[in-house]
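Colleague: Sequence:
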Amino acid sequence: MKMKTLVMLIALIGFVGVNSVAKGQQAKTDTIISGKIVKEQFVHGKTVEGVYDYFFQAGDKKYFIKTYKSKYTKDQLDKLVGQPIQVNVTVVPNGAWDDNGEGESRIGEYIMVLDLTTL
1 MKMKTLVMLI ALIGFVGVNS VAKGQQAKTD TIISGKIVKE QFVHGKTVEG VYDYFFQAGD
61 KKYFIKTYKS KYTKDQLDKL VGQPIQVNVT VVPNGAWDDN GEGESRIGEY IMVLDLTTL
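So that you can map any letter, position 33 of the sequence shown is 33 in this note's numbering, and since no number is skipped, the others follow by simple counting.
The hints are all genuine.
Cut-off 20 Å, straight-line C-alpha distance, at most; resulting in silico cross-link-like pairs (EDC-like, lysine to aspartate or glutamate):
hint: 1; residue 1: K69; residue 2: D115
hint: 2; residue 1: K39; residue 2: D78
hint: 3; residue 1: K61; residue 2: D30
hint: 4; residue 1: K61; residue 2: E40
hint: 5; residue 1: K61; residue 2: E109
hint: 6; residue 1: K39; residue 2: D60
hint: 7; residue 1: K69; residue 2: E104
In case anyone wonders, no lab produced these hints; they're calculated from the structure.
Whole structure, please, built from the sequences with the hints as guidance.
Modeller: In structure tokens, the structure reads:
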């Protein structure tokens with residue numbers, strides 16, 4: 001019984017850790033960035049046909065755009081790929097990119113687009 005409780009506790013701690021911002025790092029809200037949206041083929045060991053990731057390229061910096069539970073859909077972002085835009089975003093320094101409840105997630109810095117304007 002103690003072993004089962006310990007395993008459940010470790011699993012819970014891992015789950016909370018993956019779905020939260022890393023300790024000592026906080027999300028930066030209302031950050032304005034100018035650049036363009038880049039669409040890249042998703043690769044998981046091999047190319048996954050019909051699945052794409054979206055990034056925001058601002059100079060030398062490339063941010064993953066998290067679209068799950070976002071204000072903007074992938075269809076909306078598709079229309080803006082390559083165009084110069086300005087975005088108001090929340091920058092998460094270290095969090096789960098794919099936390100939609102379907103399997104493992106990639107972890108790292110990402111942005112949530114709050115608003116955008118074409119330039």
